[in-house]
Amino acid sequence: MNARILKLDEYLVDEEPFYQATSDEIAIFEAAYVNGLPLLLKGPTGCGKTRFMEYMAWRLKRPLITVSCHDDLTASDLVGRYLVKGGETVWVDGPLTQAVRSGGICYLDEIVEARKDTMVVIHPLADDRRVLPIEKLGSMIEATPEFCLTISYNPGYQSVLKDLKQSTRQRFVALEFDYPGVGLETAIVSRESGIDSETAAKLIKFAGMTRNLKGSGLEEGASTRLLVHAGKLIVSGITPVSACRGAIAQALTDDPDMLAAVNELSSSIF
Amino acid sequence: MCVRIPAGSRCNTMHDALSLKDRLDQILEVEYTFRSTATPVAAIGELPLAERRYAIDWVERVASTNIELGYQYACRVSEALAGMDQHQVEAWALHAMDTYDREGLRPALEVIRRLDRFARERHERASGCVLEEKRGILHGFLQGLSGRRLKLEESDQIYTDTETLYLPPVLARLPDENDNFILYKVMMVTLWAQIRYGTFRCPLTEILAKQPDPERFLHLFQALEALRLEALIERELPGLHREMERIRGLPGEAEPAGEWHALRRRLARPGTRVTEAVRLAEEQQQRLEPGQPPPWQGVLQPELVEACMAARLEREKAKFRVTLKLLEDEHEPGRPPGEREKAGGSRFSKRELPAPELPEGMRTEILLDGKPMPLPEEVKGLISSIIVDLGEIPDAYLEPAGPGAYDPALFQDEVTDPDDVWSGVYHEEGAHLYREWDYRRQHYRKNWCAVREKSVTPVYDGFVEETLERYVGLVKHLRRIFEAMRDENRLLKRQNHGDNVDLDALVEALADARDGREMSERLFTRMHRTERNIAVIFMVDMSGSTKGWINDAERESLVLLCESLETLGDRYAIYGFSSITRKRCELYHIKHFDEPYAAEVKARISGIRPHDYTRMGFAIRHLTRVLSEVDARTRVLITLSDGKPDDYDSYRGDYGIEDTRRALIEARREGVHPYCITIDEQARDYLPRLYGPAAYTVIDDVRILPLKVSDIYRRLTT
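Taken in order, these protein sequences are the chains called Y and Z.
With my numbering applied, the first sequence covers 1 to 270.
With my numbering applied, the second sequence covers 1001 to 1718.
The set of hints was computed from the structure by calculation and includes no laboratory data.
Don't take every hint at face value.
[As the list claims (entries may be wrong)] Distance condition first, Cα-Cα at most 27 angstroms in a straight line; then the derived BS3-like pairs of lysine-lysine:
no.: 1; chain 1: Z; residue 1: K1350; chain 2: Z; residue 2: K1317
no.: 2; chain 1: Y; residue 1: K214; chain 2: Z; residue 2: K1151
no.: 3; chain 1: Z; residue 1: K1493; chain 2: Y; residue 2: K85
no.: 4; chain 1: Z; residue 1: K1493; chain 2: Y; residue 2: K136
no.: 5; chain 1: Z; residue 1: K1380; chain 2: Z; residue 2: K1325
no.: 6; chain 1: Z; residue 1: K1380; chain 2: Y; residue 2: K205
Being a predicted model, the structure only gives us computed values, none of them experimental.
Please model the complete structure; the sequences and the hints are all you need to start from.
Dropping the structure here:
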């Protein structure tokens, strides 16, 4: 078995990531961090939650350990497990335990995707105890003051199965994220992808149209991330209509009518 | 027999003419109707053999709908075959029958009579663009544009009443199909632009009343307003505007005359409002001639618009104020209402933020006590609809509604009570319409059954408890069986990956290693979790024939079944069905998927009473739709009925059997597993045909039904 050897230094964010604050989220995060409160980031996909975490990790000079949750994520995937190595069992910390030990920031992305039993292991960390019980080692690790637990969650999924339990959500300081305002989003897209601001503005207008379609054919509108993708394609010489088709429309839906409608919208703008 | 004599010879023709006459006489029931079949016999007799067979087959199908229609069809079919291919002739016959189903005999006969018109329209459809086919795309496109959510409807005129856009059903004005589609898009966008950019923000009927020649003024105004809107479209949707220019340039479309260019420049300035177009129209109406309108231009319907707007303004104002009231209560539930009034003035205010990307140039925020308030999605929609009409949120709107102003009707689309509909005029308002298979026609009757969902009236009489007592032993037994069926979480040993080390495997592997043998890699244990992902609907016969024993047995079975299913944890819903003619098909809801099995559901089970007849097709179709909206890996539809499908109108014998069979096939195709349980004392020969597409069980003794149903379910889902 391959033991996973993780070097914590690698999780330090060295260069300042580009992040444009939309409101007072940085101040709130810092205040919560100082007070040892866990945070919950809410918002639709691709609106900058992960980038915000990178930025905060850089700002606070702490390693950032990100776990993308999926529906088969078990508690031991987070906490750690025994592995067999050369005829002996060896305990290997999971990402959460590592963050707790080293005082890093643990970011559990899309927490609702994780199995229900997994979520319970973060409860003792998310209240004033700030401890991580490790059942298999028979020990409890107390988190250092630098440790910070952050989870993210997209309330847009209407499924009852993907809702956050009250017992979980009421432990967190919540920050709501949404797509930035038109001006800001234009600046972000043009900076990230390198397109001129006029084309960026058109992309934003197109994104606005797809966001109008949320709930009447699309599950989500185009995220800022998709706009950046489309912008990058345009910079590489793809025509705007094709770029929108490939990077945005196809990413949003598989329904042929909806695809055609979205493509008609982009060709109306460019 | 004349088989050996070459086709076309006299004997053959004569013989066939005779048998043809017999056949038509029989199909058209000449014995009772005294029609003369001489004309159709002569016409059809001229056709080559294959076409003759085809014609007779279709005469029979059409006549199964209506004899007179069949007769007229027989008279015209050979003419139709001369002008169109068989596929089109078939479409013509179906169109006539659909018209008959929808509007009655006279319009249907008109379809047969106006064969030439049908052929022409058919041709248009072939080269043109059909709204129905492109509706999905156009509708999506429309929703993507900002502002109010608009609807699309068919109409011969192109116009809007500010809530619905009316477009022609077929467009064949341009030679190319794709161009016709673009034309649809442009029509839609120009109508949308009228609403979005405030064409109707001026009191048009008032202005018209003041003009010496209102009709001329309206035309001129429309042409000028179109210039203003076009300039806006050019700025907003340059890609679409290029297409507009291209279509305009296509042959047959005139360029505007010289002086219009100057007007266009004037109206194209950013920030120009509709009042400018009105002023210009007033100024120019004596001298300027409205030119040839572009192909996408519709008509303005000021009266319709104003009626629609007036109703909406009032409704939305009330709705907005009630919403504010609800939001206020939500934000400060503790404060008693009296105190609030004493404080005086509204706690709400608005703030307008500049937003150059919107036509109004600003975005409105609603503030509560001076602080911005997050608004629910539907309130945002409401605000944007109000702004589209008025250009802003007027201050009068910011006063929350007083106590008692809450009218739930504001928050619902009009829902009519199924019983009201029936007691009133004979219509299909608010019903789900389903098609039905007519085996004689070998086609569906479209929108045939009007289906409504109702609820069983709960009866609190302790029936459930009595049943549980009576079957106490069986209930225990069922619980045990169903508990065993629950797929328990189990620990899988000797896995390649897992949460924990499998010590047994490790010890063995180490011993192997010492021995010099190869060491196994399967050293871990993993917890295996399975979710039974089944959704099942029980569809229970509530027809009059179930009265007595069968009804009791059905109710008892449901009680036992619910007990079992609660143990198992599968998602399930229960519906009853009954009908009297296609106009009154009723599904009685007993338990929805998300309803808990509680006192009310139990009382509804107890309240199941026999009603009218057994039409099965609509119930299967409707419940298939309900099932396919549920997110589950396996979807099961279990029907519980006695005997044959049967209804008061023609839903008898083969017709009912064939339609039910068809509905079961459709369900299968939708990914639903149908299973039929039927109570029948003599296993009848039609059952294999009827339930062939599904799996089925016949129960010959009603009394054992309760014992069987859970058992059947168990076998079905393991």
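How the hints compare with the structure:
Of the pairs offered as hints, the one joining K1350(Z) and K1317(Z) holds, with about 15 angstroms between alpha carbons and a cut-off of 27 angstroms not exceeded. For the hint linking K214(Y) to K1151(Z), the alpha-carbon distance of about 16 angstroms falls within 27 angstroms, and the restraint holds. Proposed proximity of K1493(Z) and K85(Y) is supported: the alpha carbons are some 19 angstroms apart, at most 27 angstroms. For the hint pairing K1493(Z) with K136(Y), the CA-to-CA distance comes to about 18 angstroms; that is within 27 angstroms, so the pair holds.
For the given pair, K1380(Z) sits about 16 angstroms from K1325(Z) by alpha-carbon distance, which is consistent with the 27 angstroms threshold. Taking the CA atoms of K1380(Z) and K205(Y), the gap is near 18 angstroms; set against the 27 angstroms cutoff, the hint holds.
Going down the numbered hints, you'll see the structure goes against none, and every one checks out.
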